[in-house]
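Use the sequences and the hints to build the structure in full.
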Amino acid sequence: MFPSIDRAKPGLQKLVAALRETYPYASVLAVADDARTWRVSRTGANISASGTGGGTGFVVRVLDGAGCAEYSFNEFSEERIPGICAVIAKRLTEQNQALEGIAPLPAPIPADEPAALKKTTAWKLNPRELGDEAVVGKITAIREKALAVDERVLDAQAAVSYRAYRKLFLSERRDLDQTVMWTNAMVSVMASRGQEIKMSYRPFSVLGGAELLDEMDAGVERVARDALELLDSRPIPPGEYDCVCDPATTGMIVHEAFGHGVEMDMFVKDRALARSYINEYVASPLVTMHDGSAVDESATMFFDDEGTLTGDTVIIDQGVLKRGMCDALSAARLGVAPTGNGRRESYERKAYTRMTNTYFQGGRSTPEEMIASIENGFLLETPSSGMEDPKNWGIQCMVTTAREIRNGKLTGRLYSPIVLTGYVPDLLKSVSMMSENVRLSGSGHCGKGYKEWVKVSDGGPYMKARIRLG
Amino acid sequence: MIERIKSALERCGVAMWRINETVEETAELFFVKRQLDTRRSKDVRKYDVTVFRDVEDPEGGKPARGFTSVRLIASMDDARLDEELKGAYYAARFAANPYFDLPDPVQAPMAQKTGELAEAPLARSAGRMVKALFAPDTHQDAFVNSAELFVSRSSHHILSSEGTDAAYVDARVNGEFVVQCREPEDVELHGAFEYDQLDEQALSDKVAEALSFVRDRARAQKALASGKYDLVLSGNAVAEVLSYYVSRSSASSVYARYSTWKQGEDVQGETTGERLSLTLRATVPYSMEGIPMADLPVLENGRLNAYHGPNRFCRYLNVKPTGFYEKFSCGNGSVPFETLKKAPCLWAVTFSDFQMDAMSGHFSGEIRLAYLIEDGKTIPITGGSVNGSILEAQKDLTFSAERYLTAQYDGPYAVRMKGISIAGPGE
Chain A
290 MFPSIDRAKP GLQKLVAALR ETYPYASVLA VADDARTWRV SRTGANISAS GTGGGTGFVV
350 RVLDGAGCAE YSFNEFSEER IPGICAVIAK RLTEQNQALE GIAPLPAPIP ADEPAALKKT
410 TAWKLNPREL GDEAVVGKIT AIREKALAVD ERVLDAQAAV SYRAYRKLFL SERRDLDQTV
470 MWTNAMVSVM ASRGQEIKMS YRPFSVLGGA ELLDEMDAGV ERVARDALEL LDSRPIPPGE
530 YDCVCDPATT GMIVHEAFGH GVEMDMFVKD RALARSYINE YVASPLVTMH DGSAVDESAT
590 MFFDDEGTLT GDTVIIDQGV LKRGMCDALS AARLGVAPTG NGRRESYERK AYTRMTNTYF
650 QGGRSTPEEM IASIENGFLL ETPSSGMEDP KNWGIQCMVT TAREIRNGKL TGRLYSPIVL
710 TGYVPDLLKS VSMMSENVRL SGSGHCGKGY KEWVKVSDGG PYMKARIRLG
Chain B
14 MIERIKSALE RCGVAMWRIN ETVEETAELF FVKRQLDTRR SKDVRKYDVT VFRDVEDPEG
74 GKPARGFTSV RLIASMDDAR LDEELKGAYY AARFAANPYF DLPDPVQAPM AQKTGELAEA
134 PLARSAGRMV KALFAPDTHQ DAFVNSAELF VSRSSHHILS SEGTDAAYVD ARVNGEFVVQ
194 CREPEDVELH GAFEYDQLDE QALSDKVAEA LSFVRDRARA QKALASGKYD LVLSGNAVAE
254 VLSYYVSRSS ASSVYARYST WKQGEDVQGE TTGERLSLTL RATVPYSMEG IPMADLPVLE
314 NGRLNAYHGP NRFCRYLNVK PTGFYEKFSC GNGSVPFETL KKAPCLWAVT FSDFQMDAMS
374 GHFSGEIRLA YLIEDGKTIP ITGGSVNGSI LEAQKDLTFS AERYLTAQYD GPYAVRMKGI
434 SIAGPGE
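Chains as they are written, first to last, in the working numbering: chain A, 290 to 759; chain B, 14 to 440.
Don't read these hints as lab results, they were simulated from the structure.
Quick reminder that beta carbons are idealized off the backbone N, C-alpha and C, glycines included.
Keep in mind that a hint or two might mislead.
[Unchecked claim] If we take Cβ atoms under 7 angstroms as the criterion, some of the chain A residues that face chain B in the derived model are:
#1 I370
#2 R380
#3 A387
#4 D421
#5 V425
#6 T429
Written out as structure tokens, the structure is:
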């Protein structure tokens, strides 16, 4: 796939060599992108191959006397190399003059250890080869199945997105080449009660292709029934409760409540409380947390956007915070090894420390045992959003549904929407049961603050903890 | 490139199309404390092409109309252009929707933007805004922890098979910053900004206000008890709450029956407080479909004045296509802010993330800083969450006379609502 990368490679190698004549470090990341989204809803059918991926283009990184600088562009040929070098030099001169008096943050020259790699992830069926007619036909049938569940169903949406990309990273001593394909899908159902519309959804994801479509059918009626149940939901009495989190809710807590706080560019900025807790207990001994590419999910890759090879990073080991995850520039500033977490929204954006596939390891309990152990509490399902607070470890996560548990049994009463708040270590130290099976979901994108969206997955087992709900 | 795309469209037999050419140049700066972390710039040129295709009705009725979009870049050779466009045209058959007319054609010369931001070198504008951002950062106790600044200039060219040929230039400066205060508690607050002019004073004022708030957050107590409060929201949270009305009045929501609102209808219901007046504001001369944009009063005294939205959904509702708006203004507000928050209330200043769910009407967020105002005292509070419904709150809204202006909102700085549910960590 993506022969344009092969055609551009000799020129890009010359570009790196030309830049190295001026700068002590130079690299280029080339991205070729193919993405498509198919969606059906009451508003109609929509197929788009525009703007859903990261785009095709190039980003150069150089280090000069004022630190790190990057230039993004999407038109390249060997003839353009002198022009690109000249633009970079001119822009840096202009910017340095406009910032006279502002000191640079020291940026050590990267070690640029030699590495070469060419790898591709596996897929069974390329969605583009399956064809638009088949994909739209399949998701239309799924939508109709949801609409048929009950006349109170206002609308159902079904969507499939896929992205295949090839990335080539070149520096003086690195030549890394990877091709990755992921596919995501979603079914959402809306039901109305007057002006209020309740929605339930189920995501699907795979590091692979259109084989995911076979999974969509099975869950659609449950999604419709969940939306209908929500019509009778009520606001929750605020308070602290024993809760069972489904794997998706566990994943949101892993990612939003804790994961962002161990992104080590936040350590450089003195924005992460976690920096003071390395080798300290931050969670129950039942909690072990991973990030990386040891699992096959939407964020799996062989190297990151700064040319660092990926692996499996153990963040929390049996309740003890061992280390954070780190991009290359922050790692050089902190004097630690990078972990392959330097990621960009696209070739047009800066690389930051970002999570990849982030999850809690499983335990030995069952969801049924957890529910049976609760006198007065809730089963939390279907997370809808979350926001990080690395500085103060405050939690803000929202879930759509809280199912009431009384005397060890689900009562059938529903509460919605639910806001989870509190202090992260309090929640993690309260974890008292984990189920065996771990489930990850990679259907979402993660922002850094309020922007910089990258593909991630998160998850874990069913988890029992004490949580403040409102 | 545009001529190459037109030729490729002709070769592929595509009779109905739209081309959006976007050329963008940026200067981007990233800081840790007052030190320069990274400098970035970019030059990108993109071509988003939408192809339309009619699918005949076997029963002789009006054809269905499908469409698909693809992104093309100049480095693609003609064979690749043909491949992409043929693929899109083929796919459009399977995205067939009820028939709709394409936007009426518009021909207009390039609409230039004036002012320093549009005309000065990007690096110089970036340097000036950085100095404005750090200007209030003069104290030891509360300071700017980190900041990002993006200055962009872009040109947009819209062409269509119907004869549209319109273009405009846009320029923006946006970014975000984090302020920190270490004593007595080490805390931070996040701020974001976006301007369409080189508004150095507005940025300095925003940072100065954030520094003041973060000092208060550092001494805030986690003492808020759960219960119902009269809630005062300010700044971006007001815009977020009011975005419910923008969403519910959109032609796409109405067409999909997510909204049952009808033009002329009282959508606010019975009220004892202020009646809402909202206007959608044109920030660019043309929408991406080439529809000329103009300010549009959408709510007048709580009644729906007009639907709004892109061409297809407006055509379905038999209303004039308005294009997609990125900004709205609210004409409400007559009570001085000091009066608005005089009676006992919780003034929630900043959240970790404050969101309005336009489907359900629920708004919520975790409180980073609030002031509990009662018995003549103002106590800084942190922690806890707001969970309210605009369907209830809209019955009694009071807005401040003071205004708040961003790239997406121009309206009252604050709103007061009655009896909002708060979950707090205190007793």
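The hints, checked one at a time:
Annotation: interface hint on I370 of chain A violated; nearest CB of chain B at approximately 14 angstroms, more than 7 angstroms. Using the Cβ-Cβ criterion of 7 angstroms, the hint placing R380 of chain A at the interface with chain B is satisfied: the shortest such distance is roughly 5 angstroms. A least Cβ separation of about 3 angstroms between A387 of chain A and chain B falls short of the 7 angstroms threshold, and the interface hint therefore holds. For D421 of chain A, the suggested interface contact is upheld, since its CB lies about 4 angstroms from the closest CB of chain B, less than 7 angstroms.
Interface restraint check: V425 of chain A against chain B, minimum CB-CB distance 4 angstroms, threshold 7 angstroms, status holds. Here the hint on T429 of chain A is broken, as its CB sits about 9 angstroms from the closest CB of chain B, past 7 angstroms.
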